[in-house]
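With these hints in hand, go ahead and build the complete structure from the sequences.
As given, the protein sequences belong to chains X and E, one line each in that order.
Just so you know, the first sequence maps onto residues 1 to 438 in our numbering.
Just so you know, the second sequence maps onto residues 1 to 76 in our numbering.
No wet-lab data here; the hints were simulated from the structure.
Check before you lean on any hint, since a few could be wrong.
Mimicking SDA-like on lysine to any residue, the simulated pairs with C-alpha atoms at most 25 Å apart in a straight line are [claimed, not checked]: (1) E/LYS75 to X/SER140; (2) X/LYS114 to E/GLU49; (3) E/LYS24 to X/LEU93; (4) E/LYS75 to X/PHE159; (5) E/LYS75 to X/ILE161; (6) E/LYS75 to X/LYS422; (7) X/LYS114 to X/LEU93; (8) X/LYS155 to E/ALA69; (9) X/LYS17 to E/LEU74; (10) X/LYS114 to E/VAL48; (11) E/LYS24 to X/LEU94; (12) X/LYS114 to E/MET14; (13) X/LYS422 to X/LYS214; (14) X/LYS16 to E/ARG54; (15) E/LYS24 to X/VAL96; (16) E/LYS24 to X/GLY141; (17) E/LYS75 to X/GLY141; (18) X/LYS106 to X/LEU122; (19) X/LYS114 to E/HIS23; (20) X/LYS267 to X/VAL252; (21) X/LYS16 to E/VAL61; (22) X/LYS49 to X/LYS214; (23) X/LYS114 to X/GLU102; (24) E/LYS24 to X/ILE89; (25) X/LYS16 to X/PRO286; (26) X/LYS49 to E/LEU74.
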Amino acid sequence: MLTAFTRAFRTPDLRKKLLFTLGIIALFRLGSVLPTPGVHTENIALCLKDAQAGSSSNIYGMVQLFSGGALLKLSVFALGIMPYITASIILQLLVVVIPRLEALKKEGQAGQSKITQYTRYLTVGLAILQSTAFIALARSGQLFPGCQQDVLLDKDNVFSIVTMVLTMTAGTAVVMWLGEIITDRGVGNGMSILIFTQVIAVFPAELLRIAQTKGYFVFAVVMAVGIAMIALVVMVEQAQRRIPVQYAKRMVGRRMYGGTSTYIPLKVNQAGIIPVIFASSLLYLPQLVTTLFSNTQEEPNAIVQWINQNLVTGDTPVYMATFFLLIVFFTYFYVSITFNPVEVADNMKKYGGFIPGIRPGRPTAEYLSYVLSRLTAPGSLYLGLISMVPIVALALVGASQNFPFGGTSILIMVGVGLDTVKQIESQLQQRNYEGFLK
Amino acid sequence: MTIGISIALILSSMLMILLVLLHKGKGGGLSDLFGGGFSSSFGGSSVVERNLDRLTIITGVVWFVCIIALGLLLKP
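Structure, rendered in structure tokens:
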């Protein structure tokens, strides 16, 4: 592991890429702590302290997690990658619904880049909406319920409010661009690396807080459980079923092709972390709507009351059940989007491949989808159970919603970490012919 | 002074959003987020893209300086 890293730094090309990625990450973190002009930093710090001292679970759990604590500080990158994620989710769902988008998706590379472009436009639109919403919340004092301090310097000046909204929107656009240039010129996938950074960023502080508030015994237990969970997650993420594929020998001209036997790797958790993100983003919507439209003077109506009782905090049975079911549903949904058995079977048939014992064409497709649906069943249950962990922890040790070893953070950390290391390794293998040297 | 920098910040913010949107989106959105697949980075970028990069970086620096200046000016 360590030798791989030293080797990576010895390769000039890869070293440049790694340093570039690190530089962008540093810039990104800088923007996440830099307050938007017009925000009263001291009062925000006071309010944050209050909010953390009261063990009431954080209302903006997921969003706060993805923004690495930047959101409640109202920093320049407060919205972070959340608008981009939301926009991607919306477009993914729309692809299934709108025929024109589906046609674009089938077009391949060109169509895909067009969909990406739409995602980017939608991101900016959502960023304007969300930054306006958060500034409005901060202005009316609802961002920190129960905190009397003014979080904005000059809350009646429309001009300064507009400046703040625009700055935060531009910040979101910059985050999007940073992610893209990491993908382009750095290592790994930019967006996921940025999320990874934000998840890691709150980690030490949260751990320290557990150690300080709950004593070192609980801290040790939490660490042990966390490490065990990481090991478990790594194990399941790596788990795959290999379906053997045999390619027939073919003569093309004077050359002999094929005759090899390979396998199709089907991962247990083919969908990755995306179902969890989908589910929590969806569950976050009703409470966002209620906070936006609720009037402090008026008595809230029955629906708002029900939502406040059941969907805002993560420890009600309704919330847990909905969350679990949504995750299971989205796992199947996402796997069905990303892996098309018919297409794979057709491709295999075209190149003279077959699964031993199964005829090419339709029977192969049926077999693949049968195996896939059986694999996804434990995969989806695993995702659901892992994401229940923070809620259980909430009950046991009274940690906050962004409990450091929460399911989502672990899934993100392990998923992105494994992926990035694999990419670095594959780039290394392009240059160092390890087989010859060792 | 504050008004002037605010206007500069608003303008540079708008320009920044526009410039970022002008870029060609890299990566296929969420689909290759979190271990989706392999990124294909064939070929370099075109001249247009390189100039756009340069322009975006310059605007970004101006935007950043504006934020810091305004933040310092507005410090209570």
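(request) Could you work out which earlier hints the structure fails to respect and list their numbers in ascending sequence? (result) 6, 9, 13, 16, 20, 25
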